[in-house]
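Listed in order, the protein sequences are those of chains P and H.
Note that the working numbering has the first sequence beginning at 11, numbered continuously upward.
Note that the working numbering has the second sequence beginning at 11, numbered continuously upward.
Any given hint could turn out to be false.
Which copy is meant is left open, so a pair is good if it fits within one copy or across any two.
As the list claims (entries may be wrong) - Okay, derived cross-link-like pairs now, EDC-like style, lysine to aspartate or glutamate, Cα gap no bigger than 16 Å in a straight line:
{"no.": "1", "residue 1": "Lys146", "residue 2": "Asp39"}
{"no.": "2", "residue 1": "Lys146", "residue 2": "Asp259"}
{"no.": "3", "residue 1": "Lys168", "residue 2": "Glu206"}
{"no.": "4", "residue 1": "Lys56", "residue 2": "Asp125"}
{"no.": "5", "residue 1": "Lys168", "residue 2": "Asp237"}
{"no.": "6", "residue 1": "Lys44", "residue 2": "Glu338"}
{"no.": "7", "residue 1": "Lys56", "residue 2": "Glu299"}
{"no.": "8", "residue 1": "Lys168", "residue 2": "Glu338"}
{"no.": "9", "residue 1": "Lys56", "residue 2": "Asp124"}
{"no.": "10", "residue 1": "Lys168", "residue 2": "Glu182"}
Hints in this document: simulated from the structure, not taken from any laboratory.
Protein chains: 2
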Amino acid sequence: MVSETKLTLAKLAELAGVSTSTASRALKDNPLIKKETRSKIQALAKQHNFSINTAASRLRTQKTHVIAVILNLVDNTEQSTTDPFLLKLVGELNQALNASGYELLLSNSFMASDDWANYFIRSQRADGILVIGQGKSTDKIDLAAQSAVPLVVWGDAKTNAPYPIVGGNNFEGGYRATEHLLSQGARRILFLGDSEHAEMSERYKGYRQAHVDSGTDVDPGCNCAIDITSAAAYAYINERIKQSGLDFDGIVCVSDMVALGALKALKERYVGIPGDVGIVGYDDISIAELMHPSLTTIRQNTQQAAKLMVIELLNQLENRPTHNQVVETSLIVRRSTRHE
Amino acid sequence: MVSETKLTLAKLAELAGVSTSTASRALKDNPLIKKETRSKIQALAKQHNFSINTAASRLRTQKTHVIAVILNLVDNTEQSTTDPFLLKLVGELNQALNASGYELLLSNSFMASDDWANYFIRSQRADGILVIGQGKSTDKIDLAAQSAVPLVVWGDAKTNAPYPIVGGNNFEGGYRATEHLLSQGARRILFLGDSEHAEMSERYKGYRQAHVDSGTDVDPGCNCAIDITSAAAYAYINERIKQSGLDFDGIVCVSDMVALGALKALKERYVGIPGDVGIVGYDDISIAELMHPSLTTIRQNTQQAAKLMVIELLNQLENRPTHNQVVETSLIVRRSTRHE
DNA sequence: GAGTAAATTGCAATCGTTTGCGAAATTTAT
DNA sequence: ATAAATTTCGCAAACGATTGCAATTTACTC
């Protein structure tokens with residue numbers, strides 16, 4: 011149990027009375043080695059708490075079994091690292107990666123290097139990259155993709171790109187949210203978000219289509235571009251009401267955090283919810299159902315999302331064809347819209 | 011710009027017309043090398059998108075510049091990976107580590123191996139370990155510590171352990187929360203959490219002390235052991251009221267998520283907040299101020315926490331003495347307790 | 001211009017594992 | 001018993017960067 015000196019494969023082999031080659035093969039259960047020899051060495055390894063030096067192994071095999079996960083946020087003013095949805099996705103990715111024998115190296119886009127291919131792949135820090143968020147600009151992503159780096163992005167799956175994108179059905183999500191509000195009687199519905207984002211713009215399209223399908227006019231003045239944070243939403247709603255009064259009766263929000271900010275502003279002004287204004291969020295973070303009123307929202311299956319992203323990444327690592335993937339998206343109706 | 015063949019340090023050196031040794035030294039700005047040579051090689055490296063192979067480098071230097079961060083959660087029923095506070099801490103740790111030139115390898119405690127020293131350190135996956143959460147049992151932590159692994163734990167800093175612990179002032183947090191409720195007139199205050207946790211038990215001690223100091227009796231029936239999730243809190247409050255009616259007028263919660271669960275249960279039963287029951291949370295997650303009523307809570311400075319954890323870890327890596335550290339803990343008064 | 005000190009650079013070993021290929025041991029066939 | 005075919009194992013060359021030490025070049029002194 012005492013670790014006298016660093017235990018290497020060579021020493022382990024010596025203990026077992028075999029060569030390092032057999033020891034190496036035995037540890038990976040290579041059938042080239044006699045069964046008894048294998049189990050003997052494996053037992054010895056366990057007994058001595060041996061574990062292979064990954065640095066050496068990676069150098070030799072040119073594989074790291076590490077995947078870099080990058081939170082691709084433009085800067086602090088935007089949807090931030092504190093958004094529970096993004097972090098939940100990270101957690102799910104960790105699970106999914108572990109299940110496939112990979113580890114997760116976490117990074118955000120404020121790192122030193124903007125050249126992901128170089129920094130992560132050429133340097134053998136990781137075998138592939140998972141990017142969370144297309145952001146407003148896909149420059150860095152495109153740059154990395156040019157280097158033929160194994161890469162999967164969480165974003166809008168309708169976007170055509172040289173890399174696979176996994177995402178929710180944003181058009182449908184926007185449509186369902188809007189349709190639901192319209193069916194509850196709303197007539198002037200704000201779209202609170204930022205339609206410059208690929209994902210968000212798809213949702214906005216769904217928002218418009220829902221209006222068209224129900225024969226309701228779309229007022230461009232209802233498309234409100236804000237940072238994707240609760241603070242920005244809070245400020246915007248306050249300001250809008252101050253300027254033009256309560257000129258709306260529904261809000262489609264681009265994330266639950268945004269919805270919470272809006273909700274707070276409305277409640278402080280004693281606007282009835284859903285009586286005066288109905289609100290729909292997006293993501294179904296855990297807090298959504300704890301709100302008062304509980305928040306109607308669009309749920310995206312993050313666990314499925316993580317699994318799909320990992321699958322597509324493995325496809326690339328093993329030279330199989332890849333495809334964009336759409337994850338389940340469903341409307342969860344709660345009190346913030348349900349008139350009773 | 012086209013990458014014909016894998017660019018190694020040797021090839022780069024050849025391009026520059028020097029040996030690999032000089033190239034290596036030049037890239038790390040070693041003053042042993044003439045200034046012009048240095049900048050020439052650095053320029054060449056930039057131009058060719060060169061980046062050092064970390065696998066080789068780690069093997070040679072025996073340093074990885076990677077730190078493993080372990081979310082130490084007993085299982086799914088407990089405070090889970092979705093708790094915004096924990097995830098926020100992860101984000102802050104990432105920032106702090108990057109600032110010191112380290113990268114963050116994310117893991118949770120559901121991984122294959124329970125032997126962290128082996129899995130992360132001996133295998134050269136990482137140079138050190140940051141553990142988030144003491145949990146109910148410190149078995150795995152102690153095991154790792156026995157192997158003299160560089161290790162820092164987020165937990166209760168009052169605990170005496172063979173490894174440095176960074177944590178909030180839990181006693182004071184519990185005290186301040188309770189004292190505040192008492193000052194608002196509460197007389198029967200629930201402690202909603204799990205006093206088997208080291209951190210939580212300190213808070214409970216503070217809770218008791220506040221009672222003593224104000225001359226109020228402590229009813230053991232007010233110490234409510236639940237899983238640290240909003241769902242458990244919700245269920246508990248519901249059940250308690252069903253069983254014994256509203257036999258309390260204040261709640262000290264062990265996390266904001268727990269507080270949100272309790273809040274929801276109370277609101278559904280039309281219990282006035284803070285009129286009938288005042289609630290104090292813990293952590294000050296971003297949603298706390300968006301709640302209605304906004305949530306009074308104990309803030310722990312996560313950014314400072316992350317920095318301290320990294321400092322203590324570096325101390326170990328560089329053989330300096332280490333100490334337990336306490337991060338700022340303050341009471342944020344909001345509407346869930348403030349009578350007006 | 002010789003001699004010494006200082007500034008630069010290169011040689012070659014090393015980190016620990018993996019793996020193609022050949023050698024030895026064992027089994028099967030003749 | 002011997003040859004042939006299998007099994008089972010070990011040799012030795014990578015993988016790419018780092019670094020103590022020695023070698024070379026340059027600068028300086030008298």
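Given identical chains, is Lys146 near Asp39, meaning Cα to Cα at most 16 Å, within a copy, between copies, both, or neither? neither (48 Å within a copy, 37 Å between copies)
For Lys168 vs Glu182, is the C-alpha pair at or below 16 Å within one copy, between two copies, both, or neither? Within one copy only: 12 Å inside a chain, 52 Å across chains, cut-off 16 Å.
Quick one: Lys168 to Glu338, C-alpha cut-off 16 Å, is that within a copy, between copies, both, or neither? within (14 Å within a copy, 46 Å between copies)
Are the CA atoms of Lys146 and Asp259 at most 16 Å apart within a copy, between copies, both, or neither? neither (29 Å within a copy, 49 Å between copies)
What label fits Lys168 with Asp237 when the C-alpha limit is 16 Å: within, between, both, or neither? neither (23 Å within a copy, 41 Å between copies)
Homomeric proximity label, Lys56 with Asp124: Cα distance no greater than 16 Å: Between copies only: 13 Å across chains, 42 Å inside a chain, cut-off 16 Å.
At most 16 Å between alpha carbons: which applies to Lys56 and Glu299, within, between, both or neither? neither (47 Å within a copy, 51 Å between copies)
My question is about Lys168 and Glu206: at a cut-off of 16 Å on alpha-carbon distance, are they close within one copy, between copies, both, or neither? Classified as within; 15 Å inside a copy, 50 Å across copies.
How do Lys44 and Glu338 come out at 16 Å by Cα distance, when the copy is not named: within, between, both, or neither? neither (48 Å within a copy, 60 Å between copies)
Lys56 and Asp125: within-copy, between-copy, both or neither at 16 Å Cα: between (41 Å within a copy, 11 Å between copies)
Hint compliance for this structure: hints 1, 2, 5, 6, 7 are broken, all remaining hints hold.
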